[in-house]
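*Asks:* Please model the entire structure based on the sequences and the hints provided.
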Amino acid sequence: MPILTIQAAGGLLKALEDFLEKSEASFVLIIERGGSILSQHGEIPDTIDPTILSALAAGSFAATREVARRVGETEFSALHQQGRQSHILMSAINDEAMLMTVFGPKTTLGLVRFYSAGAVKQIAAVLEQARGEPQIPIDLGSEVTDDSCDVFEEPSRRV
Amino acid sequence: MSIINYVNKEIQFKIVYYGPALCGKTTNLTYIHSQVAEAHKGELVSLATAADRTLFFDFLPLNAVVVKGFKTKFQLYTVPGQVIYNATRQLVLRSVDGVVFVADSQWDKMEENIESFKNLEENLVRQGTSLDQIPYVVQYNKRDLGNPAPVHYLDFVLNNRKVRVPSFVGIATSGQGVFATLNAISRLLLQKFARENETAATKQQQRSATSSATTALSGIAAAAARR
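Quick note, the sequences are listed as chains R and V, same order. The letter at position 83 of the first sequence is residue 83 when you use the numbering used here, and the numbering goes up by one with no holes. The letter at position 80 of the second sequence is residue 80 when you use the numbering used here, and the numbering goes up by one with no holes.
Calculated from the structure, these hints are not laboratory results. Accuracy of the hints is not assured; some may be wrong.
[Unchecked claim] Counterexamples of contact, computed for chain R against chain V with all Cβ distances above 10 Å:
hint : residue
1    : E21
2    : S26
3    : F27
4    : H41
5    : G42
6    : P45
7    : A68
8    : Q85
9    : A117
10   : K121
11   : A125
[As the list claims (entries may be wrong)] Going by beta-carbon spacing under 8 Å, a handful of chain V positions derived as facing chain R:
hint : residue
12   : I3
13   : Q12
14   : Q35
15   : G42
16   : V45
17   : F56
18   : F59
19   : P61
20   : V65
21   : F70
22   : Q75
23   : A87
24   : S186
25   : L190
26   : A194
Just so you know, these numbers come straight off a predicted model, no measurement behind them. For each residue, glycine too, the CB sits at the ideal point set by N, CA and C.
*Replies:* Structure below.
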């Protein structure tokens, strides 16, 4: 199971801070292949839910990668979406994660691509190291694992 | 697989609703979204065709209980049930933690139910996992329609692996059985997480015991050397 220790999370955040500062992108997310966010940095507008963004981005990237594979392309490392105001660059970090960068007119695709290459290597190294970290046990207690516990309440059927 | 973030103090689980076309997977998520309090849910996102059939997936993020300072988050996905979308189903299954298999109870849908269940097993194998390793529950939906098969028959057909899993009857359009199903799979995931943590705790104790023993032995050796 992916485990983000305080040290690993710090390493990821540092890589994102460096990348954002140099590339002048708006915000950036590290997304694991199942669609969950591992780390994020930058100014994400309140109107955007990063959880939804990451689920959609993971699906989109995985689908395009699969299309590439089926047409016989073995190398698929990045996907660029050009918009009017905001552009998106998605880059593969490794088989388990991807980097999603959203940027505006302050910078260029070339600059974002250039700096993302370094960021991807740095992030991949942090994730590789985190993979070997032992899990710090979390005791959930019996109140949520008990067979009678309802994790979610259904208001309209509440007695 | 679940993700633990020690900085944000979060544990995330991914649940996938699987089943044949038009069995009610999206309806389950729509009902859950209509009932969960605003503070505990995100937007329900549906990537659907013009005819309102799931094209890629539906997605609903939920925040559940806070346990020992850790927020538990559940991300619910559906797969497209139509046979042609198998490649898409494989993508949605990536990193799955738990599965809800939604079956259509109608007699004439039995073949599609069985095909879909087999397809689930095959797709999990492609991900390097299986139903032996992933918690799952079964929901027999559409009990209100004309010709439902008896529950014991559905259990015999769809819930006859070595270990029988929890099964629920449902009428997702009215919400019957929807939360019972969701709570069952959520509980199974938390119980599995708790078991894995017990194992991790045991390993940690063994490591510290070994480390203390090594330190003690080094101390004795050093003292002997001094003498």
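*Asks:* For each hint, tell me whether it holds in the structure or not.
*Replies:* Hints versus structure:
1. For R/E21, the shortest C-beta to C-beta distance to chain V comes to about 20 Å, beyond the 10 Å cut-off, and the non-interface label holds.
2. Against chain V, the non-interface label of R/S26 holds: every CB pair exceeds 10 Å, the least being about 21 Å.
3. At roughly 17 Å, the least C-beta separation between R/F27 and chain V is larger than 10 Å, which holds for a residue marked as non-interface.
4. Every beta carbon of chain V lies more than 10 Å from that of R/H41, the smallest distance being close to 13 Å; the non-interface claim holds.
5. Look at R/G42: its CB is around 16 Å from the nearest CB on chain V, clear of 10 Å, so calling it non-interface holds up.
6. For R/P45, the condition that its CB be more than 10 Å from all CB atoms of chain V holds, with the nearest at approximately 15 Å.
7. The beta carbon of R/A68 is kept farther than 10 Å from every beta carbon of chain V, the shortest such distance being approximately 13 Å.
8. At the 10 Å boundary, the C-beta of R/Q85 stays outside the reach of chain V, the nearest C-beta of that chain being 22 Å off.
9. Every C-beta of chain V lies more than 10 Å from that of R/A117, the closest at about 25 Å, which supports listing it as non-interface.
10. Every C-beta of chain V lies more than 10 Å from that of R/K121, the closest at about 22 Å, which supports listing it as non-interface.
11. With a closest Cβ-Cβ approach of about 18 Å to chain V, R/A125 is found to remain outside the 10 Å limit, as its non-interface label requires.
12. At its closest, the beta carbon of V/I3 sits 5 Å from a beta carbon of chain R; the interface hint therefore holds under the 8 Å criterion.
13. Interface hint status for V/Q12: upheld, as the beta-carbon distance to the closest one in chain R is roughly 5 Å, under 8 Å.
14. With a least beta-carbon distance of about 5 Å to chain R, the hint placing V/Q35 at the interface is held under the 8 Å criterion.
15. Hint on V/G42 holds. Least Cβ distance to chain R is approximately 5 Å, under the 8 Å limit.
16. With a least beta-carbon distance of about 6 Å to chain R, the hint placing V/V45 at the interface is held under the 8 Å criterion.
17. Using the Cβ-Cβ criterion of 8 Å, the hint placing V/F56 at the interface with chain R is satisfied: the shortest such distance is roughly 6 Å.
18. The criterion of a C-beta within 8 Å of any C-beta in chain R is met by V/F59, whose closest approach is roughly 5 Å, and the hint holds.
19. Contact between V/P61 and chain R, as hinted, is supported at the beta carbon level, the nearest pair being about 5 Å apart and thus within 8 Å.
20. The interface hint given for V/V65 is met, as the beta carbon of that residue sits about 6 Å from the closest beta carbon of chain R, less than 8 Å.
21. A least Cβ separation of about 6 Å between V/F70 and chain R falls short of the 8 Å threshold, and the interface hint therefore holds.
22. For V/Q75, the suggested interface contact is upheld, since its CB lies about 7 Å from the closest CB of chain R, less than 8 Å.
23. Here the hint on V/A87 is kept, as its CB sits about 6 Å from the closest CB of chain R, short of 8 Å.
24. For V/S186, the shortest C-beta to C-beta distance to chain R is roughly 4 Å, which falls under 8 Å, so the interface hint holds.
25. For V/L190, the interface hint holds, the least distance from its beta-carbon to any beta-carbon of chain R being 5 Å, beneath 8 Å.
26. A distance limit of 8 Å between C-beta atoms decides the matter here; for V/A194 the minimum to chain R is near 5 Å, and the interface restraint holds.
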